[in-house]
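> For this one, chain A is given, so just place chains B and C on it according to the hints.
Chains as they are written, first to last, in this note's numbering: chain A, 1 to 480; chain B, 1 to 404; chain C, 1 to 258.
Treat each hint with caution, since some may be false.
Unchecked claim - Straight line, CA to CA, 25 angstroms or less: simulated PhoX-like cross-link-like pairs of lysine-lysine:
| # | chain 1 | residue 1 | chain 2 | residue 2 |
| --- | --- | --- | --- | --- |
| 1 | C | Lys222 | C | Lys211 |
| 2 | C | Lys222 | C | Lys18 |
| 3 | C | Lys211 | C | Lys164 |
| 4 | B | Lys35 | A | Lys410 |
| 5 | B | Lys24 | A | Lys410 |
| 6 | C | Lys133 | C | Lys150 |
| 7 | A | Lys345 | B | Lys24 |
| 8 | C | Lys150 | C | Lys211 |
| 9 | C | Lys134 | C | Lys150 |
To be verified - These stretches of chain A come out as covered by chain B in the derived footprint (C-beta under 8 angstroms, 3 or more residues):
| # | region |
| --- | --- |
| 10 | 391 to 403 |
| 11 | 416 to 426 |
Hints listed in this document are in silico derivations from the structure and should not be mistaken for laboratory results.
Note that beta-carbon positions come from the ideal geometry of N, C-alpha and C, so glycine has one too.
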Amino acid sequence: MSETMRGIEELTDASYEYGFSTDLDTDVAPPGLTEETVRLIASKKDEPEWLLEWRLKAFAAWQEMEEPDWAKLQIAPIDYQSISYWAAPRQKPVLDSMDDVDPEIRDMFDKLGIPLHEQKMLSNVAVDAIVDSVSVTTTFKATLAEAGVIFCSFSEAVQDHPELVREHLGSVVPIRDNFFAALNSAVFSDGSFCYIPKGVRCPMELSTYFRINSMNTGQFERTLIVAEDDAHVSYLEGCTAPQRDENQLHAAVVELVAKDRAEIKYSTVQNWYPGDENGVGGIYNFVTKRGRAHTDAKISWTQVETGSAITWKYPSVILQGDRSIGEFYSVALTSKHQQADTGTKMIHIGADTTSSIISKGISAAKGQNTYRGLVKMMRSAENARNYTQCDSLLLGKECGAHTVPYIEVKNPTAQVEHEASTSTVGEDQLYYCRQRGMNEEDAMAMIVNGFCREVFDELPMEFAVEAQRLLSVSLEGSVG
Amino acid sequence: MSVATLASRTAALEQVGSLSLPTKRDEAWRYAPHKALGRLTFGPATAPDVVPADVAGQIPEIDGPRLVIVNGVVDRGRSRLDSLPAGVELAGLVDSSGDLAGALERQHEGAEDAFSVINRAYGTDGALLRIDGRPTEAIHIIDVAVPGDGQNASASRVIIEMAAGSSATVIETRIGSGDTFGGSNVRTEISLSDEANLEHIILQDLPSTHIHLGRVDVVQAAGSTLRARLFNLGSDYGRVAYNVHLAGEGAHANLSGLYFGVGQQTLDQQINVVHSAMNCTSRQTYRGVLDDASTGVWNGGVDVRRGADGTDSEQSNDNLLLSRQAEVNTMPRLEILADEVSCQHGATVGQLDEEALYYMRSRGIPQDEASRLLINGFADQVMDDLESEAVRTWISERLGRNDG
Amino acid sequence: MLHVENLTVAIGDTPILKGLDLDVGAGEVHAIMGPNGSGKSTFAHALAGRDGYEIGGTITLDGVDLLEMEPEARAAAGIFIGFQYPVEIPGVNNMYFLRTALNSVRRTRGEDEIGARDFLQVAQEAMDLVEMKKDFLYRSVNAGFSGGEKKRNEILQMAVMQPKLAVLDETDSGLDIDALRVVAAGVNALRGPDRSMIVITHYQRLLEYIKPDFVHVMVDGKIVESGDHTLALHLEDHGYAGFVNHDLDDAPLSGATA
Numbered sequence: 001m002s003e004t005m006r007g008i009e010e011l012t013d014a015s016y017e018y019g020f021s022t023d024l025d026t027d028v029a030p031p032g033l034t035e036e037t038v039r040l041i042a043s044k045k046d047e048p049e050w051l052l053e054w055r056l057k058a059f060a061a062w063q064e065m066e067e068p069d070w071a072k073l074q075i076a077p078i079d080y081q082s083i084s085y086w087a088a089p090r091q092k093p094v095l096d097s098m099d100d101v102d103p104e105i106r107d108m109f110d111k112l113g114i115p116l117h118e119q120k121m122l123s124n125v126a127v128d129a130i131v132d133s134v135s136v137t138t139t140f141k142a143t144l145a146e147a148g149v150i151f152c153s154f155s156e157a158v159q160d161h162p163e164l165v166r167e168h169l170g171s172v173v174p175i176r177d178n179f180f181a182a183l184n185s186a187v188f189s190d191g192s193f194c195y196i197p198k199g200v201r202c203p204m205e206l207s208t209y210f211r212i213n214s215m216n217t218g219q220f221e222r223t224l225i226v227a228e229d230d231a232h233v234s235y236l237e238g239c240t241a242p243q244r245d246e247n248q249l250h251a252a253v254v255e256l257v258a259k260d261r262a263e264i265k266y267s268t269v270q271n272w273y274p275g276d277e278n279g280v281g282g283i284y285n286f287v288t289k290r291g292r293a294h295t296d297a298k299i300s301w302t303q304v305e306t307g308s309a310i311t312w313k314y315p316s317v318i319l320q321g322d323r324s325i326g327e328f329y330s331v332a333l334t335s336k337h338q339q340a341d342t343g344t345k346m347i348h349i350g351a352d353t354t355s356s357i358i359s360k361g362i363s364a365a366k367g368q369n370t371y372r373g374l375v376k377m378m379r380s381a382e383n384a385r386n387y388t389q390c391d392s393l394l395l396g397k398e399c400g401a402h403t404v405p406y407i408e409v410k411n412p413t414a415q416v417e418h419e420a421s422t423s424t425v426g427e428d429q430l431y432y433c434r435q436r437g438m439n440e441e442d443a444m445a446m447i448v449n450g451f452c453r454e455v456f457d458e459l460p461m462e463f464a465v466e467a468q469r470l471l472s473v474s475l476e477g478s479v480g
Numbered sequence: 001m002s003v004a005t006l007a008s009r010t011a012a013l014e015q016v017g018s019l020s021l022p023t024k025r026d027e028a029w030r031y032a033p034h035k036a037l038g039r040l041t042f043g044p045a046t047a048p049d050v051v052p053a054d055v056a057g058q059i060p061e062i063d064g065p066r067l068v069i070v071n072g073v074v075d076r077g078r079s080r081l082d083s084l085p086a087g088v089e090l091a092g093l094v095d096s097s098g099d100l101a102g103a104l105e106r107q108h109e110g111a112e113d114a115f116s117v118i119n120r121a122y123g124t125d126g127a128l129l130r131i132d133g134r135p136t137e138a139i140h141i142i143d144v145a146v147p148g149d150g151q152n153a154s155a156s157r158v159i160i161e162m163a164a165g166s167s168a169t170v171i172e173t174r175i176g177s178g179d180t181f182g183g184s185n186v187r188t189e190i191s192l193s194d195e196a197n198l199e200h201i202i203l204q205d206l207p208s209t210h211i212h213l214g215r216v217d218v219v220q221a222a223g224s225t226l227r228a229r230l231f232n233l234g235s236d237y238g239r240v241a242y243n244v245h246l247a248g249e250g251a252h253a254n255l256s257g258l259y260f261g262v263g264q265q266t267l268d269q270q271i272n273v274v275h276s277a278m279n280c281t282s283r284q285t286y287r288g289v290l291d292d293a294s295t296g297v298w299n300g301g302v303d304v305r306r307g308a309d310g311t312d313s314e315q316s317n318d319n320l321l322l323s324r325q326a327e328v329n330t331m332p333r334l335e336i337l338a339d340e341v342s343c344q345h346g347a348t349v350g351q352l353d354e355e356a357l358y359y360m361r362s363r364g365i366p367q368d369e370a371s372r373l374l375i376n377g378f379a380d381q382v383m384d385d386l387e388s389e390a391v392r393t394w395i396s397e398r399l400g401r402n403d404g
Numbered sequence: 001m002l003h004v005e006n007l008t009v010a011i012g013d014t015p016i017l018k019g020l021d022l023d024v025g026a027g028e029v030h031a032i033m034g035p036n037g038s039g040k041s042t043f044a045h046a047l048a049g050r051d052g053y054e055i056g057g058t059i060t061l062d063g064v065d066l067l068e069m070e071p072e073a074r075a076a077a078g079i080f081i082g083f084q085y086p087v088e089i090p091g092v093n094n095m096y097f098l099r100t101a102l103n104s105v106r107r108t109r110g111e112d113e114i115g116a117r118d119f120l121q122v123a124q125e126a127m128d129l130v131e132m133k134k135d136f137l138y139r140s141v142n143a144g145f146s147g148g149e150k151k152r153n154e155i156l157q158m159a160v161m162q163p164k165l166a167v168l169d170e171t172d173s174g175l176d177i178d179a180l181r182v183v184a185a186g187v188n189a190l191r192g193p194d195r196s197m198i199v200i201t202h203y204q205r206l207l208e209y210i211k212p213d214f215v216h217v218m219v220d221g222k223i224v225e226s227g228d229h230t231l232a233l234h235l236e237d238h239g240y241a242g243f244v245n246h247d248l249d250d251a252p253l254s255g256a257t258a
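One chain only, chain A, in its complex shape (with noise of 0.2 angstroms):
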C-alpha cells in the first residue's frame, strides 16, 4: 500500500496551470463596505434609481445578517472591510468591435485557450468573457441577434433592455436567501445576461469566461438566463485566477428562469486557484445558484469543480411547474487543502416532477468532500419522484469524504431513492492496468475518470474534454 499511497501524493501535487497574472491597469475602489461603495459600483455603472433602491435594500439586509455556520468547512474568518468590491480593467466604456479589446486583456484569454477573435474561433460557442468584475467583450453578438437570443453583459442588459431585468432580478434567489445572496446583491458588479424568446433554440452554445486579476478584490457576478415558453439553451461557464498568497472572495448568484416547455442545461467547470499544497491562498468560492421550472420545463446543472480552496455551492431547481424536471451532475475533486461543500436542492412542488442527482466526489491528500443535497417533496408534488446517487473515492489516508443528504417528504405519493457509497481505488485495478503497460499515473488518471463517466458524459464535448484533462493534471502533478 505504502507505494501506492506515496505515488498518490505525487499524483496529487499538481502544480496550478493558470497562474499567472496579467499587468492590467485596473480601476480599483478603496478597501471597505459601506452604503457610500454600493452607491459607488451603482453610479460607476450609470444605473437606473430602481436598481440602486434594490442595491440598497439588499445592503441593509446583509448588515442585519449573520454569516452562515461552516458546518464542515474550516474557515479563518473573513474581513469584509478589507476586500475591494469594485475593480475594472481601464479601458473604453463600450466596444464596437473586437478589435477595441485591450490587447493584454486579448492576450491573457489566448493563454487560457479562449480566443475571442470571432474569426479564430472554430467551435460554435458565443464567449462573454469576465475579468475581475467587468465583462469585456461578447463574441458572436451578430448571429444570436438573428435568432432573437439576447447574450450581454449584466450592466449592458440593464441600460438596453432594464424592463427584462426588472421582472426577473431576485426572482429565483431573493435579497435574503442568505449571507452571500444578500451580499451580491448589493454589490455585483457585472455578469452574463441571456434571453431566449419564445420557441427559439439558441442556435450555439453560450459560455462565459470569468477570470480573477487584480489582487485584494471581491468577484461578485450576477448571471440571469430566462429562456421563454419552449426556448432551449445551453450555457457554458468557465473560471481561473491568478495565484495569490491571500484568499480571495468570489459571491456569484445565477438565476435561471425556465418558462412552460423550456430547457436550459447549464454546466460549469470550476478552476479557480486552489491554493498551495500548505494550503495558502486560494478563492473562496461561495455561490448560490438556483433555477425554476416552470410546466413541463427541465433545467439541468452539471459542474465539474477542481478549483477554489473552499467552494460552498448547491446548484438547485425548484421544480414549481408540473411534470418539470431537475438534474444534478457533478464531479468535486479536493486535494492539497481543498475543502468543498456541494450539492444540490430539488425543491419539488408540482405533480409528476422528477428530479435526478448524480454526484461524484474526489478526496485526495489533505482535501474534504462533502456532499450536502436537500430533496423536498412538497404536499402538492403529487407522484414527484427523486432517484440520488452520491459517490466518493478516497485517494489517500489523510483526506476526508462526507456525505449529507437530507429528504423531506410530505407527498405519500412521492418516490424517493438515495444511493451512496464510498471506496478507494482498488490496488487490484491498480495492478491490473500495469500489468497491461500503463504507468501508475495514466492508471490512476483512467480509473478516476471512469469514476466520473455519467458527470462528464452531460458536459457539452468541448468541456468534457476540458474536464478530464482538468481531472488529470489535478491529479498528475504534470503541466499541460
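Showing chains B and C alone in chain A's frame:
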C-alpha cells in the same frame, strides 16, 4: 454515592439553571416539537403516591428478572430481583454497593445536550446491570412515567456493563400513564468488554400525550457484538438517540428499528456510529411506517475516524407513507476520514406497491387485508431473527391495534 | 527465454514458493498443474511484479533481470498475465483501456503510438478470434461481464498485446464447454515460434484443447515432477495424492501441535 458522583451531579444541577434547550438549528433536534419540549418540567425524583392501574397491563409478559422504575424511582414491589441467574447483578442505582464512579462518570462520544444534563442532574436512580456470564433468560427493565402535579417528567438511568466474553439479552420497556402532558428522559449507558455479546431491545410505547426522550450510549471493546433493536411506537414525540462507539478492533454493531406513527405522532431516531478502531462492522437498518398525520425522522450517521481502516458499514432507511398528511425526513450521513473502507447507505420513501396490491386483489384478497399484509411484510423485516417470543407477541398485538 | 532459478516468494511471514526452477524456451508451451494452494497463481504474479511479495532467487526474460522492474515495465518487456479473476473497472470502456495499454507499451519500447482507426482494425481481428460482438468493446472493463466473457476478454487483450510470454492463470475455471473451446482456439491461434506460454490449471481438461510441450507438477511451492503431456493424463487418473505424499516428512510436526 461517591464524592466524585455527587460533585458531578451538583455541577449538572448548577448547569440546569443556565441551560438553553435545543433549537431547530441543532441538526439532531431539527424536527423536534420545540414548544412542547419547553413545557416539560423536571425535578428531584419522587415516586407517585399511587401507581395507576393502567400501568400493569402495559408491561409485556416476559419471564425472568425485572426491575421497575416509576418516575425515576425503583419500585421494589413490582420488581423481581430475587433468585437472579448466576453472573447477573441487577439492582437499583441507589441500592448498588461498591464504587460506581467508573460506571456513572463515563464520558461518551456523543455531545451532551440540555436533556442529557438534566438526566445527569435528576436521574439519581435507575438500573445497574452487570453481567459476567451467559444468562439464558432475558433481563427486563421497565421505566414508567406518571406525570405528577409538581413536575410532569421523570429522569432515570440504566447502566449495563458486560464483562469479557459475557452474553445477554436486555429488554427495556418504556411506558407511561394517563392522558395529561408529561414524559420521560431515560439515559442508557452500555459498556461491552472484549468479546461480549449483547442483544438490547427498546420497546417505546408511552401514551400519545407524552414525550419520550431516550438516549443510549454504547462503547464497544475488541470483538464485541451489539444487536440493538428499537421499536419506537408510542408518545406524541418519541425520540431515541443511539451513540455507538466501536473502540476496539473487530467490534460489530448491528442496529435496527421500526417506527410506526399514527395520529399526530412524531417518531424520531438519531443514530450515530463512530468507527475508531480497525476492522469493525456496523449495520443500521431502520424502517418506518407513517400513517395519519404522523411524522418520521431518521438521522443516521456513520463516522469513520482516521486510522479505522477495514471499516465495513451499511445503512438503510426505508419508509412507507400511508396517508396524505404523513411525512418523513431522512438523513443518511457518512463522514469518512480513513481509506480502505467500504461504506454504503441507502434511503427510500414510497407508498404501498400498487402492483402488489392489485395482484393480491385479483386473487380475491380485499384491499384492506392486502394493505395490512403488505405493511406487515414491510415491518416484519426488522423483526428477522428476533428470538424473544414474548417481544414478538407484544409487538404484533401492539401493531394489530394500530392496523384495526 | 524465461529463466527462473531458486525462486522464493513469501507474503508477510508465510512462504509460498520455496525454491522454484523453470526454463521456458521460445515458442514452447508449458503447463503447470497442482492442487489448490500449491503456489501456482503466486508464481504468475511473481512474474508480473505484484506488490507485497518478498522475493528471492532470479527471474530473467531473454537475459534481462525482471525482478527490479515495475509491473508496467515487465508488460512492456513482453509479459502478459491472463488473470484468474479479471478486475472490474467501472466507467472505463474496454476499447479505451486496451488502446491506452497498447500505446503505453509501445511508447516504452520507443515505438509509434497507434491511431484510433488502426487500433480498431487490430481490435476487430482480436474480437473475431474470441468470437465477440462489437458492443463488447464499448462496455466498461469487465464490469458486469459473465465469467466466460471475462476470460474471453483476457484472451482478447492477449491478442492485442502480442506478448512474448503469456501466463494464463486458471483460464479454464468457470468456463462451460463452448466457452472453453473458444478460449482454447484463441490461445492456439496465438501460438507461434516467438511466443511462449505458461498455462496454469488445476484440471487436465484444458490441456485436451491446448497441447503443452511440457507439463510440470507444483506442490507446496516447488516443482516436484516434470514431463511431457502424458504426465497430465497420469494426473487425471491418479490425482495429486502421490505427489503430495512427498511431503509426509512434515506431517508429524504439524500433527504434534494440533
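> Now tell me, hint by hint, if it's right for this structure.
Going down the list of hints, with the structure as the test:
1. C:Lys222 / C:Lys211: Since the Cα atoms of Lys222 (chain C) and Lys211 (chain C) sit roughly 23 angstroms apart, the hinted pair holds (cutoff 25 angstroms).
2. C:Lys222 / C:Lys18: Since the Cα atoms of Lys222 (chain C) and Lys18 (chain C) sit roughly 6 angstroms apart, the hinted pair holds (cutoff 25 angstroms).
3. C:Lys211 / C:Lys164: 18 angstroms, holds
4. B:Lys35 / A:Lys410: With Cα atoms ~22 angstroms apart, Lys35 (chain B) and Lys410 (chain A) stay inside 25 angstroms; holds.
5. B:Lys24 / A:Lys410: With Cα atoms ~18 angstroms apart, Lys24 (chain B) and Lys410 (chain A) stay inside 25 angstroms; holds.
6. C:Lys133 / C:Lys150: Measuring from Cα to Cα gives roughly 14 angstroms; hence the hint holds.
7. A:Lys345 / B:Lys24: Between Lys345 (chain A) and Lys24 (chain B) the Cα gap is close to 19 angstroms, so the pair holds against 25 angstroms.
8. C:Lys150 / C:Lys211: 23 angstroms, holds
9. C:Lys134 / C:Lys150: 15 angstroms, holds
10. 391 to 403: holds (count 11)
11. 416 to 426: holds (count 9)
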